[in-house]
Every structure is written in C-alpha cells, then in structure tokens.
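> Sequence:
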Amino acid sequence: MATDGTIAKSGNLLSNMRIARRLWLVFGLLLVLIAAQSGTGIYGLDGLNRRIDSVIASGDLAVFAKDLESRLGAQRLQTRDYINLGTTEALDRLRVLRGEFESAMSDRQAMMKASPQAAAFADLNSLHGVYHEKFDAVRTVRERADRTLHERMDPLGTQVTKRLEEAVAAADASGDKDIAFGMQEVEKRWLLTRFYANRAIGLRDPAAAAQVEAEGKAMGGGIARLSTLLQNNAALSVALRDVDARAAEYRSAFREIVAANDDARRRTDDLVTAASAVNRAIDGIVASIAAGSRAIEQEAGGEAAFTIRLTVGLGLLSLVIGILAANRIAASIVGPVTGIRRVMTELTEGKLSVSVPHTGQQDELGDMARAVDAFKDEAVEALRSRIALERVSANIMMADADGRILYANDSIMAMFRHAEADLRTALPGFDPTRLVGQNFDVFHRDPTHQRRLLTDLTHTHRGLAKTGGRTFQVIANPVVSRQGERLGTVIEWRDLTEELAIEAEIGAMVENAVRGDFTHRIPLDGKSGFFRLVSEGINRLSGNIAAVTEDLATVLESLSRGDLTSRIDKQYEGVFQRLKDDFNGTVGRLSEIVQRIDHAAGSIAIASREVAEGSMDLSERTEQQASSLEETAASMEQLAATVRSNADNAQQVNGYATEARAAASRGGQVATSAVEAMRRIEQSSQKISDIIGVIDEIAFQTNLLALNAAVEAARAGDAGRGFAVVAQEVRQLAQRSAQASKEIKALILDSGGQVREGVDLVRSAGSSLTEIVSGIGRVADLVSEIARATAEQASGLDEVNIAISQMDEMTQKNAALVEESTAAARSLEDQADQLRQQMTFFTLDRRSA
Numbered sequence: 001m002a003t004d005g006t007i008a009k010s011g012n013l014l015s016n017m018r019i020a021r022r023l024w025l026v027f028g029l030l031l032v033l034i035a036a037q038s039g040t041g042i043y044g045l046d047g048l049n050r051r052i053d054s055v056i057a058s059g060d061l062a063v064f065a066k067d068l069e070s071r072l073g074a075q076r077l078q079t080r081d082y083i084n085l086g087t088t089e090a091l092d093r094l095r096v097l098r099g100e101f102e103s104a105m106s107d108r109q110a111m112m113k114a115s116p117q118a119a120a121f122a123d124l125n126s127l128h129g130v131y132h133e134k135f136d137a138v139r140t141v142r143e144r145a146d147r148t149l150h151e152r153m154d155p156l157g158t159q160v161t162k163r164l165e166e167a168v169a170a171a172d173a174s175g176d177k178d179i180a181f182g183m184q185e186v187e188k189r190w191l192l193t194r195f196y197a198n199r200a201i202g203l204r205d206p207a208a209a210a211q212v213e214a215e216g217k218a219m220g221g222g223i224a225r226l227s228t229l230l231q232n233n234a235a236l237s238v239a240l241r242d243v244d245a246r247a248a249e250y251r252s253a254f255r256e257i258v259a260a261n262d263d264a265r266r267r268t269d270d271l272v273t274a275a276s277a278v279n280r281a282i283d284g285i286v287a288s289i290a291a292g293s294r295a296i297e298q299e300a301g302g303e304a305a306f307t308i309r310l311t312v313g314l315g316l317l318s319l320v321i322g323i324l325a326a327n328r329i330a331a332s333i334v335g336p337v338t339g340i341r342r343v344m345t346e347l348t349e350g351k352l353s354v355s356v357p358h359t360g361q362q363d364e365l366g367d368m369a370r371a372v373d374a375f376k377d378e379a380v381e382a383l384r385s386r387i388a389l390e391r392v393s394a395n396i397m398m399a400d401a402d403g404r405i406l407y408a409n410d411s412i413m414a415m416f417r418h419a420e421a422d423l424r425t426a427l428p429g430f431d432p433t434r435l436v437g438q439n440f441d442v443f444h445r446d447p448t449h450q451r452r453l454l455t456d457l458t459h460t461h462r463g464l465a466k467t468g469g470r471t472f473q474v475i476a477n478p479v480v481s482r483q484g485e486r487l488g489t490v491i492e493w494r495d496l497t498e499e500l501a502i503e504a505e506i507g508a509m510v511e512n513a514v515r516g517d518f519t520h521r522i523p524l525d526g527k528s529g530f531f532r533l534v535s536e537g538i539n540r541l542s543g544n545i546a547a548v549t550e551d552l553a554t555v556l557e558s559l560s561r562g563d564l565t566s567r568i569d570k571q572y573e574g575v576f577q578r579l580k581d582d583f584n585g586t587v588g589r590l591s592e593i594v595q596r597i598d599h600a601a602g603s604i605a606i607a608s609r610e611v612a613e614g615s616m617d618l619s620e621r622t623e624q625q626a627s628s629l630e631e632t633a634a635s636m637e638q639l640a641a642t643v644r645s646n647a648d649n650a651q652q653v654n655g656y657a658t659e660a661r662a663a664a665s666r667g668g669q670v671a672t673s674a675v676e677a678m679r680r681i682e683q684s685s686q687k688i689s690d691i692i693g694v695i696d697e698i699a700f701q702t703n704l705l706a707l708n709a710a711v712e713a714a715r716a717g718d719a720g721r722g723f724a725v726v727a728q729e730v731r732q733l734a735q736r737s738a739q740a741s742k743e744i745k746a747l748i749l750d751s752g753g754q755v756r757e758g759v760d761l762v763r764s765a766g767s768s769l770t771e772i773v774s775g776i777g778r779v780a781d782l783v784s785e786i787a788r789a790t791a792e793q794a795s796g797l798d799e800v801n802i803a804i805s806q807m808d809e810m811t812q813k814n815a816a817l818v819e820e821s822t823a824a825a826r827s828l829e830d831q832a833d834q835l836r837q838q839m840t841f842f843t844l845d846r847r848s849a
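When the letters of the sequence shown are read in order and numbered with UniProt numbering, they come out as residues 1 to 849.
Please keep in mind that the hints were generated in silico from the structure rather than gathered at the bench.
Each residue gets a CB set at the ideal place from its N, CA and C atoms; glycine is no exception.
Please note that the accuracy of each hint is not assured.
Restraint-style ranges between C-beta atoms, simulated for each label pair [unchecked claim]:
| # | residue 1 | residue 2 | range |
| --- | --- | --- | --- |
| 1 | Leu203 | Gln624 | 32 to 38 Å |
| 2 | Val312 | Glu511 | 51 to 57 Å |
| 3 | Ser70 | Val130 | 15 to 21 Å |
| 4 | Arg225 | Ala259 | 27 to 33 Å |
| 5 | Val130 | Arg241 | 47 to 53 Å |
| 6 | Ala504 | Leu317 | 56 to 62 Å |
| 7 | Gln473 | Ala401 | 39 to 45 Å |
| 8 | Ala210 | Arg609 | 39 to 45 Å |
| 9 | Arg225 | Glu819 | 26 to 32 Å |
| 10 | Ile42 | Ser355 | 48 to 54 Å |
| 11 | Leu317 | Thr338 | 48 to 54 Å |
| 12 | Leu317 | Ser70 | 27 to 33 Å |
Let the sequences and hints guide you as you build the complete structure.
Put into structure tokens, the structure is as follows:
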C-alpha cells in the first residue's frame, strides 16, 4: 500500500508539472550524456575537417598545377604558330599568355610557399623562364632571317628581275639572235633560281636549296658566255655585270637565310626539350600532391573510426536511460491523450458536435485539449475547403506526413481513370477507385527514395514521374500548420505524355538533320497551336537545307565528270545565296583556266604545223638545188674536158676557135645559172633561219609562261599541285622545242656560209669564162699564149669542180637537216594535240571563252 501511495503521489506530482518540466527533469541526464557524445563527435569532426581542408588545399594546388600545364600548352601552340608562320599576332598572344602564367604564379605565391611542394613550384617557375629564354633565342634567329629576306633578298630579287627584263628587251631590239637567245637563257635561269629559293625557304626543302646553287652556277656560265658576245655593246655589258653582282648578293642572302633556318630548327629542338622539362615538373608536383592526399586520408580514416566507436557507446547509454524515462512519462500522459484521441477520432468521422475533455487542465495536455477544441472549429472550415477542391479543374491530392493518400479530387480521379490501362502495364495492382487510403508507394517501384523526398520536403518540389509509358509532372508542397508543424503534403499532377511525344518528334527530326538526312518531316496530324507552328517551321527549314545540299551535290557530280558548264541557278537568301555565288565563281574561274590551257595548246599545235609545212617546202627546194648542182657538175666536167683537149691540141686552136667560142658562151650561161641557183639557196637558208628564230622565240615565251605558272602553283600549295604538273609538262615540251630549233639554226647558219662560199666560186668561174670568150676572139693573134691560158683554165675548172662537189655534199646535208627539223616540228605538234586531247575531258562553256 505504501508503494501504491508513493506511486500515486509521484503521479500527482507529475500531473501538476508541465510536460516540458517533466521532460527536462527526466532527460537532464540524457542531455549531459548527449553533450558528452556531441563533444566527442565535434572533437573528432574538427580533426577530420582539418584533414579535409588539407586535402582540399592539396586538390586546389593540383588543379592549379594542371591549369599551369594548360596555360603552358596554349603558349606552346602560339610558339609553334610563330615559328611556322612568323605572325606578330602569335607573338603578341604568346606575350599575353606568358604574363597570365606569371600572374597566376604570383597570385598563388602564398599558397605555394605554404605547401610541401614549395621547392617544386620554385623549380617550375625557373624552368618556365628557361623555356622563354629558349624561345627568345629562336625568335632572334627568326627575326634575323626575316630581316634578311625582306630587306635584302626580296629587293635584290625585284631589282635583278627588272634589270633582266630591260636587258632582254634591249637584246631583242639589237637584232642579234645569239645575244637575244643568250639573254633569254640567263633570264630563265634567274627565274628558276627565284622559284627554287622561294620553295626552299617556304617549304624548308633541302633539295630546292641545292637546286638554287645549281641554277646560280648555270646562270653565271650563261653570263660568262654572253660577255664574249657583248664586247661591242657597252650598255648591255654593264647591265649584265650589274645583274651578275646582284644575283651573287641575292644567293648570299639566301644562304644566310637557310643557315638561320637551320639554326632556328636546332634551337627549336632545345625549346621542345625545355617545354618537356616544364611538363615533367608539373607532373611531379601533381604526383606529390596525390601521395600527400592519400596519407592524410588514411590518418582521417583511423581517427574517424575511433570517434564512431566512442559515440556509439555514449549513444547506447543514452538509449537505456531514455527508455526508462519515456516509460514513466508516458504513464502520466497516456490517460489524457487517450481521451483526447477519442474525441479526435469522432471529429475525423465528421461528428463536429462532440465535447472535448480536459480543457481545464493547466499543463500541456490541457493545452492540447483546448487545441483540439480549436481544431474542431478548424475542421468546419476544412470541410468548406474540401468542397471547394472538389470543384476545381486542377488534379489535386493530399497525403499525410507518412505518405498515405487522404484526399483526391474528381479531376485527378478522372485523369487516373483515363490513364488506368497504361499504368496497369507497369503497376498491375493500380486501381484508381481505391486510391484514397493507399500510400504513395503505389506509384513507385522504389518507395524508399519517394519517402525520403516527402519526409524532407520543406518547400515546393517539382519533378517528373514516368510509368506505364506515361509521363506526369508532379508539384508537391508541404502542408504546415500555423505553428510551423508539418501536417502532410498536397500534390498537383499533370499528364505530360502527349506534350512530350510532340517534343520527341521534333527531337528526332533535328537528330536526322544533324546526320545529314533532310528527307524526314514532322507529321502535322493532331497538332495545333504553338506545336503546329514549330513543326511547320522546322519542315520548311529542312526543305530549304535539302534543296541547297542537293544543288551542291548535283554540281559537284558534274565537276567529277569534267563538266565545267554546270551552275547553281536557283535563288536563295542569306548565307545560302553567298555559298551559291562563291561556288559558281570557283567553277567559272576553273573553266577560264582550262580554256586558257586549251587555247595555248592549240596555238602551239598551229605554230608547229606551220613550221612543219615550211620545212617540207624547204626540203623540196633543197632537192631541186641538189639536182641543179648535179647538172652544173656535169657541165663543168665537160668544160674541163674541152679545155684539156684544147691544151693537147693547141696547134689546132685556130681551126677550132669558133667552136671554142660557142662552148665558152655555153659555159658562161651555165655559170650564170649556177650563180642564180646558189643565190636562191642562200635566200631559202635565210628564210629557214628566220622561221627557226620564230620557233625559238615561241618556245622561250612558252617556257617563261610555264615557269611563271609553276611559281604560282607552288605558292598555291596543295590546291595548285595538279596545275603545276600540267605547267611542268608544257615547260618540258617548250625546252625540247627550243633545243631542236637551236640545233637546226646552227646547222642552217653553217650551210649558209658554205652556200655563200659556193656563190663566190661560181662567180669566179663566170669571170674566168668571160675571159675565155674574150681570149678566143683574139686567138688568131695569141696562139702562142693558148697553151698557157688553157692550162690555167684547166686548173681553175678543177677547183670549180671540187667546189661544186662540196656544194653538192652540203646540199645533201641540208636536206637531211630539213627532214630532221620537219620531224621535230611534227613531234611538237603531236604533243600539243595530246595536251588538247587531255583538255577534252573538261566540258566548257564556249560562249564564255
């Protein structure tokens, strides 16, 4: 009984105390234990935070080191651009990047000095300075080479070219073919020297550098040969010496540039080595930071394990005390709470007229009873709100704090009934008619995540729920009382399935367009409003792009077949119109180039045909000349026999004087005919020489044109490689034609000299025959001198006979040379025809030609 009284007294004591005081009294010890537990945890967390801060600082240093590596990579890119292109933009950008690198190092100086990697960062800064010292050395060599190029080599090249053009014009004006040809040969060697020099410097081609020296040597030999021909032409001789001196200085500047480029290449290798050293230093810093972080992580793990064990022990002690205290306090609270709960149950059943007990108590339970009484008043108001929710069109449901669905309005029930078939494919147990009372778990395969989300909800949450092929937008808001208590959750649902389907169609359309397939279109069936306008716009955009690409593909296919007449005729706007104009302009330019090559080949073929025809004509005349020489030789043999007979029959001269006079007259006529024939041969040789000079001039001009085309093709790079091959073939044809014409010209000049000698001999023979005719008139008075005169005549006729034989031999050689000239001209004509046949691959618009 005493125990019961003690308990009753204790219960009355607790009943007279407010619940807060009861809790503080009972849980006071728990608070002390919890404080000890918290202090232990805080101490452990503080140590762990220090180590985490250290790891974070190390991570920042590692990120900074990688940032420095990225900055170094950007500097190396600009360095490469400057070394390869020599642009001031790359140099200026490199200076900016270097300043940013050094500024970054300066900004992080305190952090680097405080880190274990301070020495490594100092070495990195030093290596970065060495890298830029190496670059400054490369830049100095490059600038020296550029100054030599722009201040010496290029001006000298322009001066020599101008002087040679003036010298070639003066040589042509002099009328001396040998000087003109030699001057043109020197000009050709000079152009080749400049071509190979530009190639050696621009492409770093060692073979081209060697070719510069070879062409320079050949040019010097040509100048030396010309100097012997210009002894009587002081102006050209002075110009040639000036050209030789400037060309030598040009080659000297070229050699300096090549040597500077080689030096820059060696220094560039040193620069690459320095950059690799900087990268290795950065990698070492990152590796050191990673090793330090791993050590700190191991220390933090051990300390955290100890803190956890201590905290768990204190927690278990607090739990035991809490259970005992909760049991005692529950006994003082359960009774009043049971009564209040009964009243609240009746209120939830809609019995709003029930009376609330314990409203007169002064503790928290009395406060609760009074609150329930106030809740009854709030329930009346809530009933009105529920009726209003039944009337709205939004899809609304409400759930308690545990996720149990308490309410769902008619709109959301209609939505779920509409989607019931699709939802049951993923959630077989889904039934919209039994939705109220179920938990939110019915909508999710992973309820844990959803429960955690709703439990921690403190503000509006927006999300998507996908199930059964349906996509819903979910907007959840926490329901909080006036006192800030979490009562539950109100959720608004929206079915986005149809809207997302339209978005998927647009996405698929865009994806096909990205892959180059513009044939797909977005169906317009069932679409309206904004989505229909967007679909129509994308369909029009795809159609325009498809049209442009189809036009480009058609014209490019024509180009692949050699058809240069195709153009894009449709009208576009904006960048499509500019693309069309640029493409048509490119095709037009290519057509003009092919037409020019075709016309040049035609001109060469016509000139070659004319040369061949002239050579054939010359061959016929040479054969006629040979026939005349044979007749002359026969007549001279007869005349020699007659003179010898006169010498033997000197005593019968008087009787045969009349016959001798007639024979001498015939000999004079034959000599006159021979002189006339030799004169025609000389004229024909001169015409042949003029024709060969024209061929030589055409070949030289063709060679110059081909050389200039090769220079332009080399400047164009890969884009001009095909045209460079054609230009090289034309140049080789021109060189072979020039060589053949040079040989023919030399032979014809030799033949002309022989012909002139023959003319002189024939004229001498004519004079002798004239003297014979006069002598026969005085034969009666000069019989005693006939023998001597006849002997002299016989000797002269022998010499004339020998000369005529030599003329006949030279004429035969001339005929052979003319045939060779004809063959060479025919060969050049065939090669020109082959070039034109190659040009027939291209279909050209002849109206634009």
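> Looking only at beta-carbon atoms, does the pair glutamine 473, alanine 401 fall within the given range of 39 to 45 Å?
Because 23 Å falls outside the window, the suggested range is violated.
> Indicate whether the distance between the beta carbons of arginine 225 and alanine 259 respects the range 27 to 33 Å.
31 Å, holds
> Could one say that the CB atoms of leucine 317 and threonine 338 fall in the range 48 to 54 Å?
32 Å, violated
> May I ask you to test the hint 32 to 38 Å on the CB atoms belonging to leucine 203 and glutamine 624?
Because 58 Å falls outside the window, the suggested range is violated.
> Holds or violated: the 26 to 32 Å window for the beta-carbon distance between arginine 225 and glutamate 819?
Once the Cβ atoms are compared, 30 Å apart, the range 26 to 32 Å for glutamate 819 and arginine 225 holds.
> Just tell me: holds or violated, for the beta carbon distance of valine 312 and glutamate 511 against 51 to 57 Å?
Because 55 Å falls inside the window, the suggested range holds.
> Given the hint of 15 to 21 Å, is the C-beta distance from serine 70 to valine 130 inside that range or not?
Since serine 70 and valine 130 have Cβ atoms about 20 Å apart, the given range 15 to 21 Å holds.
> State, for the Cβ atoms of isoleucine 42 and serine 355, whether the hinted interval 48 to 54 Å holds or is violated.
51 Å Cβ-Cβ, so the 48 to 54 Å window holds.
> Could you see if the CB distance from alanine 210 to arginine 609 stays within 39 to 45 Å?
40 Å, holds
> Range first: 47 to 53 Å. Now tell me if the beta carbons of valine 130 and arginine 241 are that far apart.
At roughly 51 Å between Cβ atoms, arginine 241 and valine 130 fall inside 47 to 53 Å, so the hint holds.
> Mind checking the hinted window 27 to 33 Å against the Cβ distance between leucine 317 and serine 70?
55 Å, violated
> If you check the beta carbons of alanine 504 and leucine 317, does the distance land in 56 to 62 Å?
For alanine 504 and leucine 317 the Cβ distance comes to about 59 Å; the hint holds.
Checked against the numbered hints listed earlier, the structure breaks hints 1, 7, 11 and 12; every other hint is satisfied.
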